[in-house]
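So the chains spell out like this:
2 protein chains.
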Amino acid sequence: MNAPHTLEWQSHALPRRPPPPAMIEALRERFGASCSTAAAVCAQHGRDESAYDAAPPDVVVFCESNEDVAAVVQLADRYAVPVIPFGVGSSLEGHLLAVQGGVSIDLGRMNKVLRLNAEDLTVTVQAGVTRMQLNNEIRHSGLFFPIDPGADASIGGMTATRASGTNAVRYGTMRENVLALTVVTAAGEIVRTGTRARKSSAGYDLTRLMVGSEGTLGVITEVTLRLYPQPEAASAAVCNFPSIKAAVDTTIAIIQMGVPIARCELLDPNAIRAVNRREKLTLREEPMLLMEFHGTTASVAEQATMVQEIAADHGGQAFEWASTPEERTRLWTARHHAYFAALQMRPGCRCISTDTCVPISRLAECLIDTAAEVEASGIPYFIVGHVGDGNFHVGYLIDPNDPDESLRAETLNQQLVARALELEGTCTGEHGIGLHKMGFLIDEAGLATVAMMRAVKQALDPKNIMNPGKIFSA
Amino acid sequence: MNAPHTLEWQSHALPRRPPPPAMIEALRERFGASCSTAAAVCAQHGRDESAYDAAPPDVVVFCESNEDVAAVVQLADRYAVPVIPFGVGSSLEGHLLAVQGGVSIDLGRMNKVLRLNAEDLTVTVQAGVTRMQLNNEIRHSGLFFPIDPGADASIGGMTATRASGTNAVRYGTMRENVLALTVVTAAGEIVRTGTRARKSSAGYDLTRLMVGSEGTLGVITEVTLRLYPQPEAASAAVCNFPSIKAAVDTTIAIIQMGVPIARCELLDPNAIRAVNRREKLTLREEPMLLMEFHGTTASVAEQATMVQEIAADHGGQAFEWASTPEERTRLWTARHHAYFAALQMRPGCRCISTDTCVPISRLAECLIDTAAEVEASGIPYFIVGHVGDGNFHVGYLIDPNDPDESLRAETLNQQLVARALELEGTCTGEHGIGLHKMGFLIDEAGLATVAMMRAVKQALDPKNIMNPGKIFSA
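Chains A and B supply the protein sequences, listed in that same order.
Numbered continuously in the numbering used here, the first sequence closes out at residue 474.
Numbered continuously in the numbering used here, the second sequence closes out at residue 474.
To be clear, the hints were calculated from the coordinates, so they are not data collected in a lab.
It is possible that some hints are incorrect.
Since the list gives no way to pick out one identical chain from another, each pair is judged satisfied if it fits inside one copy or across any two copies.
Claimed, not checked - Derived SDA-like pairs (lysine to any residue); straight-line CA-CA distance at most 20 Å:
| id | residue 1 | residue 2 |
| --- | --- | --- |
| 1 | K245 | S36 |
| 2 | K463 | A451 |
| 3 | K245 | P347 |
| 4 | K245 | E119 |
Remember, it's a predicted structure, so these values are computed and weren't measured experimentally.
Using the sequences provided together with the hints, build the complete structure.
Set out below in structure tokens:
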């Protein structure tokens, strides 16, 4: 068979567009020691959590303000050199690789919570603030920011990839929770999109256009977010099921009954086995839902009763509750460490994670066929899913020194994406397109719709300097 | 003082771009009797609920399919003639006026509910389906579509203006509830944006770019929406307050406590007076919150108790409940008729409605200063507000034959918008920019951000044929 089209980037090197000496000189003059061409620094900024080999930028600039970012982009515009925004490096799809060289803009020092407006349930942060830092800094207000992609990602990166995670079933994704942005455009202008009003019909929704644009339309430097009151009560539970189908059918019934469940996560036996081993837990190694309920004490109790009844109807058993913060944290830490726990199941392996999302009525079918297919391939794997949203991840644990295994995993991924699209789903629920899924984007959206996206890109970044080679081939 | 800049359109006529005879001929050939140049038909399609004089198109085509719409737009593209999508004509900002002439595409015959996927809580409809029709047709499923702008608007029009209304505080706006679209582009291509998956990170969010684009980027022909389970219990209540501030402070506390209130509407004494007269009600003519709670029976009772306590803390009195569907319908019908009830308070008047939205912590200040200013002007007015979102409308009841009164109302509106922007709000919460607020959009977003919007427009509609002269001056 042919090589999968999604590996195209690796087989067709793009022309390099390095900064000329005059640009490096200008950056050194403006930024001094905050500008580095050291190989180690560049190497660290040319990789992420994807399985790709590193593609380092030529220079890294550590920015501390909107004006710093604008200064870098103005130079990049003048010399037509790529710029790649960098948060904490937790992308899974190769977003941070400098495939044409250029400048990595490290936003890690833009890590201030600028303004908390507790009465309005809004906060404005610099792009380099991470989600855990944010929640620590606003805890005193009684509010929290729910979006939780697992990694302690930067808010800028989460915005750029339209991230979501475990709480999205109740609180939505970055799409629903970003109110306004400060963006440095491809021309190096500092612009604002949106306001702190909860809703608006004022012109094109540039905020939503930037959310999920993966650094290809501008550099996101400040983000205004919606916050939520910390619930009066929260309770987590695990429940095992005789089959994946029973767990998914339970999920569908929960959603359809309108239970405002805060989290509804599926773990397959492989994921539980890995978590048990790493976290020294004794969870039953059967398909499991890990759930959380938020609300008043009475409402949480009522939700729990309803869900227990629904689960029992589908053969759910061994409902176990975790009501103290410590117990809940222990369970969710285990869930968040599933990825690393799985890596430990095959020493030296790399993990390739899929990210399909389908309408929930098609989820069981999609999961079951996929699991059977992967099982037959012999590649070690695990499955975790934000099943309340129809989103799940297969992690293929591959030997990085075995090209054949990589190819087989990629072929499985293609089959999975084709299945998800057939079921009216998407090739990526929350990770983004990056380098990896450009072919899948065309399969999903069609050439005419991708041409519209390209037209928007061309209009806002005519020199193609904003993270080129991502979303679309350069 | 100078004439308000928002009246610019009326003082500077745009060049007409009528369809040439060959185009009319081609339309007649394709559409027969579904293509009309009759003056009465054109006049009916060149007006809306705004205070503007009509600006009729040259021809109206009644489309019945995506292919019909594509055929019209392909001709419009060839001859560089404007096209204006038309739903039911309930726009408040002049969206439907053919300010350069051209073709009105009437979508009223595209009124089919195409596909209900009850298990996934989604439905796909043609753009001409109205929100009431939709809810009637899906009632048997136990689901409902919550967005409720008052008028029985078309789903296509609601999408194009990013509409919201009374339920948005709980269920969000069209921004949050449109999953996917079919759009006819400016080149006359039929494209799909989005999928039926609840979330996606696949490329630019063209769905959100089209939501609120007011017909200026393409013709929305099909819309896939999120639905919600009909709540087990619903209860409405009215409560009077000694002042607008007390009513707004109650609202802020409700939101901050995390009460999942479904509707939270403010009516000022003028609105109540009008409603009492028209609907033969005896509501107390004092600032009032009209609220609704959705959930399980126990949850609705708990929410009600919490809200009553909060209201009592702010001097709220005369809490009255409406728990039967009939009582609730009566109250909400009264609320929805406030606009028409107010019109009857000054026979022969026209209503100019403002539409600012501010962060809720600034809402009381914005409302109080605005009410004082309008009171001092002597122009009859009323105020209603979706206060849970910080959105309110002042209706100025003006004599259409008194240009001075129009100018004074417009000046008041400008002062209000300036105040809302100062308070970090928006010039339009849900009505859109249309013809009326092009200057306000620049005030709000800034020239650089509006230039980005224009660049997107230019990229997707290079001949400026899609509803030209709206959002931006042509």
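Problem - Hint numbers contradicted by this structure - result: 1, 3
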